[in-house]
Amino acid sequence: MPKFEFDHVVHFLNQPEAFIHELNKQNIHAVEGGRHEGRGTYNALSYFDLSYIEYLGAYDEELVRKSNPAHHSMIETIIEQDFEESLVRFAIRTDDIQKAAARFKEAGLTVTGPDAMFRKRPDGSEIHWQLLYIGEENNKLPLPFIIQWNQSDEERRNEQIQQGVIGQQLPNTALEGVVFVVENAEETAKRWGGYFKQQVGKTYVDQTLQAKIVTIPLNGGELYFAEPVGEGVIKNTLLTKGEVPFQINLKGFNEEKLFEAHNGRYLLKK
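Using my numbering, you'd call the opening residue of the sequence shown number 35 and step up by one each time.
Honestly, I wouldn't trust all of these hints.
Quick list of in silico lysine-lysine cross-link-like pairs, DSS-like style, CA-CA up to 30 Å [claimed, not checked]:
#, residue 1, residue 2
1, K37, K154
2, K224, K174
3, K139, K231
Hint data in this document are derived by calculation from the structure and do not stem from the laboratory.
When you get a sec, could you build the whole thing from the sequences and use the hints?
This is the structure we're talking about:
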């Protein structure tokens, strides 16, 4: 049985390289990632051990549009949203993408891939991985896309430490998880938990968000499904944008604050 772990969440931006400076002011370390040659995109990255945030941009929107993106892929989502800045998608890491594909097909999901990918780093080196895209019929919240890196976790960790990508955040900081706005938190959590063989975690009410929260704990970060229970930002987001990734939770900071920029929300917690 393949394992499923938290890998990364994607914030699409007009200028990822400029956002690095905004993040630094919030005591969040970020580095330039490189270009996805031939696909029209590039990125910057904030790593919290192997869990990370990808700040993705387009260096050539026309090339992105012509890239014939796979159904249920992140690029398809970005094009559908007309390159709007926002939190767009979330990725789960596996150690056996072929077995994962078979599992999702058995569950009745639409499965595309796996597709081989690579990115050229600023130093000219390349990093390689495979992506798998899955989808439900008539689903409102897109399912995660699936990634398998061409290195083991330990190899990736050691390499990223040597390159100054991992280990540069404030001590004890971590990527706690991602909040998703949904109509029915319990139903969504049970469905996703079934696909990724994860137990549903805690259920509670967040008074600040005026939302019922149902969690799925993953190795590397939690998923928080937020269903509105009263007037507030969750209800407003559901009415205006539908079911979407909503907020990135980070922990281990000196003070708690909400950092909002480029249609993205970052809750920095102690």
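The hints, checked one at a time:
Of the pairs offered as hints, the one joining K37 and K154 holds, with about 27 Å between alpha carbons and a cut-off of 30 Å not exceeded. Note on K224 and K174: the hinted pairing holds, with a Cα-Cα distance of about 15 Å set against a maximum of 30 Å. Simply put, K139 and K231 have alpha-carbon atoms about 14 Å apart, close enough for the 30 Å limit, and the pair holds.
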